[in-house]
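Undergrad: If you want the building blocks of each chain, they are given just below.
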Amino acid sequence: MQDLIDLLTSDGTLTKEEAEKFVIEFFSVIEQGLSKDELVKIKDFGTFKLTPIQERESIDVNTQEKIIIPAHRRVSFLPAQILKNLVNKPFAHFETTPLNDGIVLENVEQEVAFGNNNGEDSLKEDDEKDLHEDKNDTVTFIPANAKNDLSDLTEKEAPHSDQKQPIATTTNNQPANFDERRSSDDKPPIDISTESKSNKKPKRPFLWLYITMAPFMILVVIFAYNFYKAKDHPAKEDIEESAIPKPIQKPSPAILDTLSHEPTPPVDSVYSVKTVKMIRGKTLRLIALDEFGSREFWVYIYLKNKDKIKNPDVVPVGLELVLPRKTEYAMDAKNPEDVAKAKKLGDEEMKKFW
Amino acid sequence: MTNKELITELSERLGWTQIKVSEVLAETIEQMNTKLAENASITIPNFGVFQTRKKSERISVNPQTQQRFLVPPKISVNFKPSTILKEKYK
Chain A
1 MQDLIDLLTS DGTLTKEEAE KFVIEFFSVI EQGLSKDELV KIKDFGTFKL
51 TPIQERESID VNTQEKIIIP AHRRVSFLPA QILKNLVNKP FAHFETTPLN
101 DGIVLENVEQ EVAFGNNNGE DSLKEDDEKD LHEDKNDTVT FIPANAKNDL
151 SDLTEKEAPH SDQKQPIATT TNNQPANFDE RRSSDDKPPI DISTESKSNK
201 KPKRPFLWLY ITMAPFMILV VIFAYNFYKA KDHPAKEDIE ESAIPKPIQK
251 PSPAILDTLS HEPTPPVDSV YSVKTVKMIR GKTLRLIALD EFGSREFWVY
301 IYLKNKDKIK NPDVVPVGLE LVLPRKTEYA MDAKNPEDVA KAKKLGDEEM
351 KKFW
Chain B
1 MTNKELITEL SERLGWTQIK VSEVLAETIE QMNTKLAENA SITIPNFGVF
51 QTRKKSERIS VNPQTQQRFL VPPKISVNFK PSTILKEKYK
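Line order of the protein sequences matches chains A and B. All residue numbers for the first sequence refer to the working numbering, where the first residue is 1 and numbers rise by one. All residue numbers for the second sequence refer to the working numbering, where the first residue is 1 and numbers rise by one.
Hints are computed from structural coordinates only; laboratory data are not their basis. There's no promise every hint is true.
What the hints assert, rightly or not - Chain A residues, not near chain B, derived (Cβ > 10 Å throughout):
#, residue
1, Lys16
2, Phe27
3, Arg74
4, Val87
5, Ala214
6, Lys282
7, Lys308
8, Lys326
9, Pro336
10, Phe353
What the hints assert, rightly or not - If you want the footprint, here are the derived chain B segments under chain A, 3+ residues with CB under 8 Å:
#, region
11, 1-13
12, 79-86
The beta carbon of each residue, even a glycine, is placed where N, CA and C say it ideally should be.
Please put together the full structure from these sequences, using the hints given.
TA: Printed below as a string of structure tokens:
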């Protein structure tokens, strides 16, 4: 509140006392309006409302006795559309997309695996994903719905990853911890699973099976990693390796599909033009944003490097990307037409990978 | 209570003109919105806290068609009334 008052006085039209008085009165008028009409609308901000809540039974936490919570009213706040959009700006480019069956989301570029429920067996998903990774070794695969630029998503997700269902967390976190141990100099990747509202019923037996299996898996993976390191494969440091046979998992066509999507190995390029090395956590969109001022121009980077990038959603770490010259394409971030053109082009390119 | 009534009430209480009140109100709202857009929380003593919450992405199913949708993550504004305010309207 003090900040708010300071901000109000900063443009010089109000004195500190006035601003303070205003803010205090503002909120007390809202309270008054609530008691009078049960509803206060504030333009461009939102609506305060008193919502009635029915009485219900509950159990006293301390005494375990049944108590009745009497009917009461609660103050609720509905943000205005303008505020909603403003706050949601970082995620504004996402759209709701229909999902196809049997899709497994993976993103080896950042080593952040994405959960994707097959409707009923969300619990085994996370482990399953690890298995896919193991199986396919260097294979990455991002399906149709990755239109949303998953790598982008994961970055923003990372700090919030513990908002998951508790069950999912137990199975998930272990691989994440393991990664942490393994790559002390890298940012620890975090597994993220989509919350499944859509679960028909959780499969309990699988859960227990996986919880018990997790430590074994970790051991095997650590062993495999050490073994791997001994052999010194520099280019593959980002890939999970382990070769446990997976009893429960049936390879779906989607997984087999991934085999054909193998990323090309890093190419040493001797170009005179500007190049950018793909590092962990970078996406084509982010590079485009840095270099050209708009994320939509990623498609031009992709087109320029089409021989090296098989799937624009899966760009191997360490790959040298040749940046197109600004004159090569119409790339004016301030020109909405250019941006729209690039977006259209990008959408068309992405369709090829659906 | 609409925005208009709010301005009228405020101008009476403060003894300011309605124009001034609406200007200051717009400024206040703008500042609050910018703060919220920066993911900062706004605490108003004896009133409540405005916060932004991140809702993670989820899969929703259309019960009629069984079609599944990936609903993207979003950030939304959340208001938590203070205990005093809660008690007042109980």
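Undergrad: Hint by hint, note whether the structure agrees.
TA: Tested hints:
no.	hint	verdict
1	Lys16	holds, 13 Å
2	Phe27	violated, 5 Å
3	Arg74	violated, 7 Å
4	Val87	violated, 5 Å
5	Ala214	holds, 22 Å
6	Lys282	holds, 20 Å
7	Lys308	holds, 29 Å
8	Lys326	holds, 31 Å
9	Pro336	holds, 22 Å
10	Phe353	holds, 16 Å
11	1-13	holds (count 8)
12	79-86	holds (count 4)
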